[in-house]
Amino acid sequence: MHMEKNKERRLVRNSLIPPSAELRFYAPFFLLIVAANGLFGFYCWQVHRMLSRLSENVGVSPVQLSAEIGEWQSWLQFLAVAGVFIFGVLVLMVTVYFIQRFLGPIIPLARQMDRLIAGQYEQDVQLRQGDGLEPLAEKLNELTTALRRRP
Numbered sequence: 001m002h003m004e005k006n007k008e009r010r011l012v013r014n015s016l017i018p019p020s021a022e023l024r025f026y027a028p029f030f031l032l033i034v035a036a037n038g039l040f041g042f043y044c045w046q047v048h049r050m051l052s053r054l055s056e057n058v059g060v061s062p063v064q065l066s067a068e069i070g071e072w073q074s075w076l077q078f079l080a081v082a083g084v085f086i087f088g089v090l091v092l093m094v095t096v097y098f099i100q101r102f103l104g105p106i107i108p109l110a111r112q113m114d115r116l117i118a119g120q121y122e123q124d125v126q127l128r129q130g131d132g133l134e135p136l137a138e139k140l141n142e143l144t145t146a147l148r149r150r151p
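The sequence shown begins at 1 in the working numbering and counts up by one.
Restraint-style ranges between C-beta atoms, simulated for each label pair:
(1) Gln126 x Trp75: 50 to 60 Å
(2) Tyr43 x Glu134: 42 to 52 Å
(3) Phe42 x Val91: 16 to 26 Å
(4) Leu92 x Pro151: 47 to 57 Å
(5) Ile107 x Leu39: 32 to 42 Å
(6) Phe40 x Pro135: 38 to 48 Å
(7) Gln77 x Phe102: 36 to 46 Å
No wet-lab data here; the hints were simulated from the structure.
Since we're looking at a predicted model, the values are computed, not measured.
Virtual Cβ for every residue (Gly too), placed ideally from N, Cα, C.
With these hints in hand, go ahead and build the complete structure from the sequences.
Below is the structure:
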């Protein structure tokens, strides 16, 4: 019973990392997404300018020219927007995964150190399988065991 309760607390509270640390890691990816969207907007603006110049040189009105290549351009724009959006979502998902795997264990490790400082040697730290700091947790558990054996 005690183990299940401890696991539940681990899943709800301890797996979260401090929000300031999350923001520090999310910010570059957010800026990357904004920059990609800015570049896409610049690309669309350049295509529009090119079509305007082409229609002036050919003598066809921009409306007629746009109608002829509008369908192709619409699909190209849709694919580009969808690609940027999908790329952004994938980058965000991968970022969240790695942040949770590498920074998420910091909270339980810090709590274990606080327990050791307070002289509480009964409980070992338990991380999720695959967490990035498992070797450190194992060493901390070895220290806890050694302190537990001391008279």
